[in-house]
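Once you've looked at the hints, go ahead and assemble the two chains, each given alone in its own frame, into the complex.
So the protein lines, in turn, are chains U and Z.
Under this note's numbering, residues 1 to 229 are what the first sequence spells out, in order.
Under this note's numbering, residues 1 to 388 are what the second sequence spells out, in order.
Among the hints, a few may not be true.
Not everything, but these chain Z residues come out facing chain U in the computed CB check (under 7 Å) [claimed, not checked]:
hint, residue
1, Leu170
2, Pro273
3, Val277
4, Asp283
5, Ser312
6, Phe314
7, Phe325
8, Arg327
Now the stretches of chain U that chain Z is said to cover, found in silico as 3 or more residues with beta-carbon under 8 Å [stated by the list, open to error]:
hint, stretch
9, 59–69
10, 114–122
Note that these hints are calculated values from the structure, not bench results.
From the three backbone atoms N, C-alpha and C, an ideal C-beta is built for every residue, glycine too.
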Amino acid sequence: MTTPARSGHAASPGRPRVVIVDDHGLFRSGVRSELGDQVDVVGEADDVQPAISVITQCLPDVVLLDVHLPGGGGQLVVSSLRAALPEVRFLALSASDAPEDVIAVIRAGARGYVTKTISGVDLVDAVRRVAAGDAVFSPRLAGFVLDAFASMPDAAQGRPLFDPELDQLTTREREVLRLIARGYTYKEIARELTISIRTVETHVSSVLRKLQLSTRHQLTRWAAERKLT
Amino acid sequence: MGFEVTVVRLVIVVASLITVGFAAMVYVGMWLLVPATGAESTIWHKARADKRGITLAVGLGSVLFVLILVLQNLGAGFLGNVEWPLILCAAGLVLILRNAPLDEQATLRDVAAPLLGLTEGGTRRRVWLRVAAAILLLAVGSGFLAYGHESLAMLRPVAGAVLVLVGAALLLGPWWLGIARDLAEERRARIRAEERAEMAARVHDSVLQTLAMIQRRADQPQQVIQMARAQERELRAWLFDGRAPGSLEGEDMTLASGIRLIQQEVEAQHGVPVEAVTVGDCDLDDDLRTLLAAAREATVNAAKWSGADVVSLFAEVEPGEVSLFVRDRGRGFDPDAVPEDRKGLAESVHGRMTRHGGSASVRSTPGQGTEVSLTMPRAAGERQPSRA
Numbered sequence: 001m002t003t004p005a006r007s008g009h010a011a012s013p014g015r016p017r018v019v020i021v022d023d024h025g026l027f028r029s030g031v032r033s034e035l036g037d038q039v040d041v042v043g044e045a046d047d048v049q050p051a052i053s054v055i056t057q058c059l060p061d062v063v064l065l066d067v068h069l070p071g072g073g074g075q076l077v078v079s080s081l082r083a084a085l086p087e088v089r090f091l092a093l094s095a096s097d098a099p100e101d102v103i104a105v106i107r108a109g110a111r112g113y114v115t116k117t118i119s120g121v122d123l124v125d126a127v128r129r130v131a132a133g134d135a136v137f138s139p140r141l142a143g144f145v146l147d148a149f150a151s152m153p154d155a156a157q158g159r160p161l162f163d164p165e166l167d168q169l170t171t172r173e174r175e176v177l178r179l180i181a182r183g184y185t186y187k188e189i190a191r192e193l194t195i196s197i198r199t200v201e202t203h204v205s206s207v208l209r210k211l212q213l214s215t216r217h218q219l220t221r222w223a224a225e226r227k228l229t
Numbered sequence: 001m002g003f004e005v006t007v008v009r010l011v012i013v014v015a016s017l018i019t020v021g022f023a024a025m026v027y028v029g030m031w032l033l034v035p036a037t038g039a040e041s042t043i044w045h046k047a048r049a050d051k052r053g054i055t056l057a058v059g060l061g062s063v064l065f066v067l068i069l070v071l072q073n074l075g076a077g078f079l080g081n082v083e084w085p086l087i088l089c090a091a092g093l094v095l096i097l098r099n100a101p102l103d104e105q106a107t108l109r110d111v112a113a114p115l116l117g118l119t120e121g122g123t124r125r126r127v128w129l130r131v132a133a134a135i136l137l138l139a140v141g142s143g144f145l146a147y148g149h150e151s152l153a154m155l156r157p158v159a160g161a162v163l164v165l166v167g168a169a170l171l172l173g174p175w176w177l178g179i180a181r182d183l184a185e186e187r188r189a190r191i192r193a194e195e196r197a198e199m200a201a202r203v204h205d206s207v208l209q210t211l212a213m214i215q216r217r218a219d220q221p222q223q224v225i226q227m228a229r230a231q232e233r234e235l236r237a238w239l240f241d242g243r244a245p246g247s248l249e250g251e252d253m254t255l256a257s258g259i260r261l262i263q264q265e266v267e268a269q270h271g272v273p274v275e276a277v278t279v280g281d282c283d284l285d286d287d288l289r290t291l292l293a294a295a296r297e298a299t300v301n302a303a304k305w306s307g308a309d310v311v312s313l314f315a316e317v318e319p320g321e322v323s324l325f326v327r328d329r330g331r332g333f334d335p336d337a338v339p340e341d342r343k344g345l346a347e348s349v350h351g352r353m354t355r356h357g358g359s360a361s362v363r364s365t366p367g368q369g370t371e372v373s374l375t376m377p378r379a380a381g382e383r384q385p386s387r388a
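Looking at chain Z on its own, in the form it has when it is part of the complex (with noise of 0.2 Å):
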């Protein structure tokens, strides 16, 4: 559009109070319609690809329409003329908002969340007092009714509505609720997917490592029992006690204390010694839990495949950030020259890492050994004395 927006917005506000809601309208339909510059396709081109979405607007037009009948049967006639734009206008919201480029999602959801945290429950307090402005509410309008048409018999357009109302609900109700359904499950698939992602970095680290290690020692039985049977108290402990492999969810686990946590459990499953030397300690939240898993990933790498006698940790607390250093004097390797489908380095340590806002390099040379550096910047900066 070769106008200012905000000027074209402004036109469009006053334009809508004028002829009562259908410059609104135009609007809504401009902004499905017109490719945005420098997009090749509109919205409503995508829109039309998407049932679901399709199925959404007019399940929220029908229910926007239920509701301004009983306006209207109330009497309050004069939103007759609004009627229609403002359906069509949240119908078209809908589609827009789920078919928009991501930025203008964002900018949409900005704009809704306080109408969401309507619906979504806040804490018990807010649904409690929300209860309790709508019973007010609702007593003082039904008050209001009553005394304004003095006549209890002028409440008939009232019961009128409220049968209407039920009426619709019992007609459209089982549609509206599928829809609602469908949102949610949409959602849950949303969260499911995450979980996958985070379960698969989990069993890759503990299942996908132990297995690795007993083809690699499969000539030594003691040693496949033993890692066999770890293996197991491990994944039993995940699946019917909840405790993720490798996680650290001590009540009072602190930074210095997980990290002598990998140190033991790296040299008791690999037989490599790790030299582990903090310096400060903290609390742990997700992010440095995170921070810890990363380097548990790198640490064990380490043992595995360096070929080196010890595995040197350091971490360092510091007030701004916690960094953390995982190195070995082994045989190294080429970073630049690692197959995408080897997983480690690239999902478990960097990925991990990236996802909670901290950054994670390698220093390798062949024939020199490996240094994994991470960087975990701190929530709170109160520094703690560490429990040795």
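The shape of chain U in the complex, shown without the other chains (with noise of 0.2 Å):
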């Protein structure tokens, strides 16, 4: 808490510090150009080990993450840090939306996902959203994890739950997901259920705390099957 980073940090909450890590640099120069002067990009990776070693020198608020990486898939990035540093988010980026890749990066304990495709300012509102410590949900991911929790809940079929509290969605939940994958914003959520942006916020987050934490062995059953093909 002591580096001259971490004061950095706390000291501008408006402009996020950033570290964009992907293989292609024209890419990582398009995004730098779109998020602007909106965020203070701190750093640039194009591997897994690069990665790690720029992330633990610059401690930056939200590491842009792509998926699929040379050395590993994004995930070894976020698994080899968390630990140490958990202030550090994670927003992974993906442009081939290959399932299996996205949930394992989110399982390892990104904080959201959107696509390669995301606008400008969906980009820079995605990483306030992750630096603020909320989940980002693209309408691809929401519908990954619809999907992963989707068939009939254990119970149902007579099978025990590991855990009834982490496996299984509310309807609450699942409302607001659907939303999501319809395209809404937070804010049109909000509306059409009439409930608070802060409301559809705790929902998407402890959606993603069930899909990092849940030991459903759907979600592994659901993640290897796509695997397969």
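Structure (structure tokens):
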């Protein structure tokens, strides 16, 4: 808590400090120019090992992390830094949208996932949200989660839940995810369900927690099914 | 009629047993001439205008007449009393069937269904079964005839009957054939009308859409050429290879891959990114293909008219139904203020969905965007893992 980097992070809440990790230089510079002066890009990396050292050095608020890296998946970066640097938040970016990679990065500890086609404004918004400790679900991630948790509840099939609280989504969470998948913003969801934006954020965060902590075997089976094909 | 319908019918049945069929004739006649409760005109009134129906009735009457003549010659004289009521009843029923109100027609069709099944080709096996049964019956029948009359000379009436039949066929055959052909023609016309509607919807989805695009982008020759080429390919595939434009008839097409196809096509043709999300997956059947066609139309509409920079497409497969949402954050419109002749939404989306038992609704606010929700019930409830 005494290093200059960390105090800097606390001093400028309006401009999150960001590290971009992607193996394509062109994409990195594209993201950099799209983020503009809304955020403070403090470092870049093109692979797992450089990423780990840059992040440890810069201690950014948010790491924009490509799911696919030549030296291993993006989840390697997350899992090797998560315990040591709990205050660094990861936002996964992917072009391919392979569900098993996305889920792996989320389960490794990323706070959200957006597609690379996201607009500059939305990306800045997502970075801010993650920096503030919220979860960011793109429509696609919402779809993945619904899919993974979708099939009949285990209890209905006579199988015991590992943890009933973690292994199932509530009706409200499901509604929120559906609306995200349909392209609604948090504000629009709040209006649609007549709840506050804060409540929407709480639901999304709680879904993220379930996604990361659930040992629900359906989740692993779901991911495995998709890996096979 | 003031009495309970069932009572009247029972009385008629008993009476026709006693009067050897004349009461049945009276019943059919009354059916023709007495207006039903609530109806203004009688069936007879309509039937008189139906020239083809009259021809059909007279044709059927003549066939029955010849048949009965043959039967009489075979010595089945007892039929003689029933003959006239029978013929008139049959002819009357034809007129009724063609001119009765729709619900009565449906009832009559249900009754006649097994009969129609005899002539309309079922499976091959059934046809063979029928032929075999007919041959067996013929053989047994002729056997009985030969045995019963002992002397072959007594078979002469049979020969006479055969001659009468052949004669009648020669005389009236062409006319009967003509009637049968008319019937077939009529059915074909109906099928053609249905196909025309389907074709109009398809041409609207593909050719007309492309032409509209070309007009709007007339100042960008490269894009116009590209669109024209794509449309040409699609049209050729449809006309010469029988693959309908925008049709999703791939061998192992699933809902998710169909959605991906829509995404790719719309992105390529309209240059608007489509964010597609599917939850669950299932194989396609006719209903779901319709759902996809409607979704495609809604997505194209959003890409073309909304002005939004991204269109969201979300599909969820549930055990009982598949729901699909197409949303844009574009300029929106007032759904009540759409003129009748703009067919896009009404025919391509709404009409298609309801024809296949699904439903469609549109929510749009000017300035805030549009969301089209489509729901299609699923025939089979089996949930299948998606192929990602």
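Holds or violated: Z:Ser312 as interface residue toward chain U, Cβ cutoff 7 Å?
3 Å, holds
Hold the hint about Z:Val277 up to the distance rule: shortest CB distance to chain U must be less than 7 Å.
4 Å, holds
Chain U contact restraint on Z:Asp283 - CB to CB distance below 7 Å:
15 Å, violated
Please check whether Z:Phe325 passes as an interface residue: C-beta within 7 Å of a C-beta belonging to chain U.
Constraint on Z:Phe325 satisfied, holds at 5 Å.
Restraint: Z:Pro273 near chain U, CB-CB cut 7 Å. Satisfied or not?
OK, holds: Z:Pro273 within 7 Å of chain U, min 6 Å.
Count the residues of the stretch 114–122 of chain U whose CB lies closer than 8 Å to any CB of chain Z, then report whether that count reaches three.
Held - the stretch 114–122 of chain U has 3 residues with a Cβ nearer than 8 Å to chain Z, which meets the minimum of three.
Three residues minimum, CB to CB under 8 Å: does the stretch 59–69 of chain U make the cut for coverage by chain Z? Let me know.
As far as the stretch 59–69 of chain U goes, the hint is violated, because 0 residues have Cβ atoms under 8 Å from chain Z.
Closer than 7 Å between Cβ atoms is the bar; does Z:Leu170 clear it against chain U? Give me holds or violated.
Given a least distance of 68 Å, the restraint on Z:Leu170 is violated.
A closest beta-carbon separation below 7 Å is what the hint needs, so does Z:Phe314 meet it against chain U?
Z:Phe314 check passes; min Cβ-Cβ to chain U is 5 Å, inside 7 Å.
Taking the closest Cβ pair, is Z:Arg327 under 7 Å from chain U?
With a closest approach of 5 Å, the Z:Arg327 hint holds.
The structure fails to meet hints 1, 4, 9 from the earlier list, while all remaining hints are met.
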